[in-house]
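Peer 1: Each chain, letter by letter, is given below.
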Amino acid sequence: QSTVTISGTFDPSYSHVKTTTAGGVKTTATTLANSQQGTSAIIFRGTEDLGGGLKVNFLYEANFDATEGGGTAGTQANNLTAGQVFLGLQGNFGNVQLGRANSHTLSAQAGRTPFGTKVGGGYGSTSGTANTRLNDSIKYTSPSFSGFTVGFTHGLKDTQTAGEGWNEVGAFYSAGPLAAGLTFVRQSNTIAQTNLYGQYDFGAAKLFAGYHTEDNKLGLANSKKKGYNLAVSAPMGAVTLMANYGKLDVDGGTAGDRKVTAVGAKYDLSKRTSAYARLVNDKINGGNKVNTTLIGLQHNF
Amino acid sequence: QSTVTISGTFDPSYSHVKTTTAGGVKTTATTLANSQQGTSAIIFRGTEDLGGGLKVNFLYEANFDATEGGGTAGTQANNLTAGQVFLGLQGNFGNVQLGRANSHTLSAQAGRTPFGTKVGGGYGSTSGTANTRLNDSIKYTSPSFSGFTVGFTHGLKDTQTAGEGWNEVGAFYSAGPLAAGLTFVRQSNTIAQTNLYGQYDFGAAKLFAGYHTEDNKLGLANSKKKGYNLAVSAPMGAVTLMANYGKLDVDGGTAGDRKVTAVGAKYDLSKRTSAYARLVNDKINGGNKVNTTLIGLQHNF
Amino acid sequence: QSTVTISGTFDPSYSHVKTTTAGGVKTTATTLANSQQGTSAIIFRGTEDLGGGLKVNFLYEANFDATEGGGTAGTQANNLTAGQVFLGLQGNFGNVQLGRANSHTLSAQAGRTPFGTKVGGGYGSTSGTANTRLNDSIKYTSPSFSGFTVGFTHGLKDTQTAGEGWNEVGAFYSAGPLAAGLTFVRQSNTIAQTNLYGQYDFGAAKLFAGYHTEDNKLGLANSKKKGYNLAVSAPMGAVTLMANYGKLDVDGGTAGDRKVTAVGAKYDLSKRTSAYARLVNDKINGGNKVNTTLIGLQHNF
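Those protein sequence lines, which keep their order, are chains A, B and C. Residues in the first sequence are numbered from 42 upward in steps of one, following the working numbering. Residues in the second sequence are numbered from 42 upward in steps of one, following the working numbering. Residues in the third sequence are numbered from 42 upward in steps of one, following the working numbering.
Because the hints were derived from the structure by calculation, they are not lab data. Hints are supplied without guarantee of correctness; some may be wrong.
Heads up, the list lumps identical chains together, so a pair's fine if it works in one copy or across two of them.
DSSO-like mimics (lysine-lysine), calculated; alpha carbons at most 30 Å apart, straight line [said to hold, decoys possible]:
| no. | residue 1 | residue 2 |
| --- | --- | --- |
| 1 | K330 | K96 |
| 2 | K312 | K96 |
| 3 | K330 | K198 |
| 4 | K96 | K307 |
| 5 | K67 | K247 |
| 6 | K324 | K312 |
| 7 | K312 | K59 |
| 8 | K330 | K265 |
| 9 | K198 | K307 |
| 10 | K96 | K288 |
| 11 | K198 | K300 |
Next comes chain A alone, as it looks inside the complex (with noise of 0.2 Å):
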């Protein structure tokens, strides 16, 4: 009998990036990029049915760079890093992961749009501060009660590492249609944020919309930021269209404020295959505009 199952990804792409400075200077870079439409993974995973309604559950998510070897041209660095780590039970009480999962506010943040946390979605910039996932941390998430299911994340303080000991709740509606969530992270003297997402399936094209709010030092003059967006995408056969709007407003005046518009498109060569396309303009106020071509290839095994 298995009792694990290997997946994963890769997703390498073509990138095309011009950056031009407040001060109108302009230089380009043209790479191949790593995990610009899904994520370059290799993932151990498994489930144990313990009875009684009870499961143990569990995932190793190693990362890595499909385009490099992490380290300079021809030497043999280390590439593999860890993503999603955790060890969960899950019964008729939900469903709790000890370690590194995923965090309740990712899935708000990267449900604002099609292109989830990756380049034209605006996550970690239009989207707010970016609140992956937490070492150390306790991740309950509830059963679907009518679509409706509620979480929050508790993380555990390491000595070690600043950063550590958030905490968060959320709550998310999903049937038919229409899926809908609201979370709200902690860091002690840190970070506030709200995270508001929707999204409604109209068949033809689905409709996404997002607003946050957060405040970086908490009370500090200009500390405040919020951001909303709106995006769509649109299926098409074997072709799926999609955009995004998103921006940034940095309290106290204009500069900071930032600015996503992204349109991309997609391509499945099969199910588990697709070529992808993106154009992303990302404008900071008194800051770079940084113009992102991709074509990219991603493959899930």
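Given the coordinates of chain A, work out where chains B and C should sit on it, guided by the hints.
Peer 2: Leaving out everything else, chains B and C in the frame of chain A:
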């Protein structure tokens, strides 16, 4: 034909540690701890029958922290680290393992208590300096003669690292309710260590005892230490209760003497999954007293 | 349906190395060496048929040291490092690999001797600067036309590392007893290299020959080197005997000229397991003379 088998372990626990210094200063840390009953790892192993009674066997143990990514919060640092790694040849002559197989001394030190190498067993403290495994080593284990096996490990000196190149010999007996072992380790100019353990299974309970001596600086003042311990485990259905008392004596007075007292319980949720709890008191004369309370979950796949 | 295949290699050896400096000072090192006939690695690979003659294929090679943990003795340092990593598209047009596939030049350089890239073959020394593989590269290999294939690799320039961005073209022939290849590599301002090899299998023995020229600083004094080699392998039942003689000439005198002489034997214990022995003499004019004696065991899973 599958020629590799993948197995492994996830072992996160909820850990509360209270430390009291010699001066009476108390600090506490509450976090998720890793590998406190088992060792979180993904293991690749296999064996090939070469005919004529000869087999080749291999093992690669990639250890990981089930509760962290290995780096700062939210980052994706390297997490897979090498545990046991060896290629072995097995035949009528015994088993020769090249690489970094677990040492015979590990078997003797871990055999002293039901806690093995984990917290409460005094591994690396009251059971003496840990000699877990050794790079660039050749390990030999004889076949079993009426329950007796003997073995040695010869560590070759690689230029780049100190502490390499130790040697050990060991003898073990295992038959019916009785198991026992004796090993000698020698690292030139750094350590000479003798390890002894015995186990006897009375059915209702299994008794463990251990004894060791070591000379850490080979003849300098106060360089000698010795330690002993007594331990027990008692299976009661799905629950196993266990306890250990270990004592380390440093030559020349009482400074540095150490005492470990531990009680624990393991509850088998299935053959592959268990919940556990441990209370451990570890006290160094003139040094810290550390009280550890653990509740953990171990899953093997 | 399984979509990933896991294979790999363990290759530890007992190695004795005697080094004599130009001044006559002798030092010796005896240790376990790694990857001296094969490359110790765990490899994840797979292929998907996309229909219409199109296939997607992937490979992730996690190399490791079969004799060490990668760090100091007894510690558990990172050990898995990235070897080949690519996602490829294969069709009537040939094979395009994105990432860091083994270069065409590697094929030409390794094809010069039965020792391939390993000790005794002069890989990276008498066979010229090694150009094993390249980050952020696009490698193309044509289909075989009556035994002929052509190919190129274009390395994109990533900003963070020097030495990136080289380009190569290659042509290969393989039919019946004959195999040959020719490649040109160019890294702007650093290296221009031409590699040539041929093999002919007479049945009782296979002959190998290689030749290369390179200019390491593109026109500066004494920046040019060239090398040639002759080698042979002879299968005799389960045993294969092999030998190589390689010579490197540095422009402008005899300083730095290098000679490699190697003999070896491989004994097949099975289709997947072999024992081997090698004697290698590597001498640099005005530099070190290194004598290597190896006895190793390679197992493929």
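Peer 1: Should K96 paired with K307 be assigned to within, between, both, or neither, using CA atoms and 30 Å as the limit?
Peer 2: Classified as between: cross-chain Cα gap 18 Å, same-chain 36 Å, threshold 30 Å.
Peer 1: Given identical chains, is K330 near K265, meaning Cα to Cα at most 30 Å, within a copy, between copies, both, or neither?
Peer 2: within (22 Å within a copy, 45 Å between copies)
Peer 1: Is it within, between, both, or neither for K198 and K307, if the alpha carbons may be no more than 30 Å apart?
Peer 2: between (41 Å within a copy, 26 Å between copies)
Peer 1: As a check of your reading, is K330 near K198 (CA-CA no more than 30 Å) within one copy, between copies, both or neither?
Peer 2: For K330 and K198, the Cα distance is within 30 Å only across copies (21 Å; inside one copy 38 Å).
Peer 1: At most 30 Å between C-alpha atoms: does K96 with K288 qualify within a copy, between copies, both, or neither?
Peer 2: neither (42 Å within a copy, 41 Å between copies)
Peer 1: Using 30 Å as the alpha-carbon threshold, which applies to K198 and K300: within, between, both, or neither?
Peer 2: between (35 Å within a copy, 28 Å between copies)
Peer 1: Tell me, please, which holds for K312 and K96 at an alpha-carbon limit of 30 Å: within, between, both or neither?
Peer 2: both (29 Å within a copy, 13 Å between copies)
Peer 1: Can you tell me if K330 and K96 fall within 30 Å by alpha carbon in one copy, between copies, both or neither?
Peer 2: Neither: 49 Å inside a copy, 38 Å across copies.
Peer 1: With 30 Å as the alpha-carbon cut-off, assign the pair K67 and K247 to within, between, both or neither.
Peer 2: neither (36 Å within a copy, 57 Å between copies)
Peer 1: I want to check one pair: K324 and K312. Are their C-alpha atoms no more than 30 Å apart within a copy, between two copies, both, or neither?
Peer 2: neither (35 Å within a copy, 56 Å between copies)
Peer 1: Reference check for the pair K312 and K59, CA-CA at most 30 Å: within, between, both, or neither?
Peer 2: Classified as neither: same-chain Cα gap 33 Å, cross-chain 53 Å, threshold 30 Å.
The earlier numbered hints that this structure contradicts are 1, 5, 6, 7 and 10.
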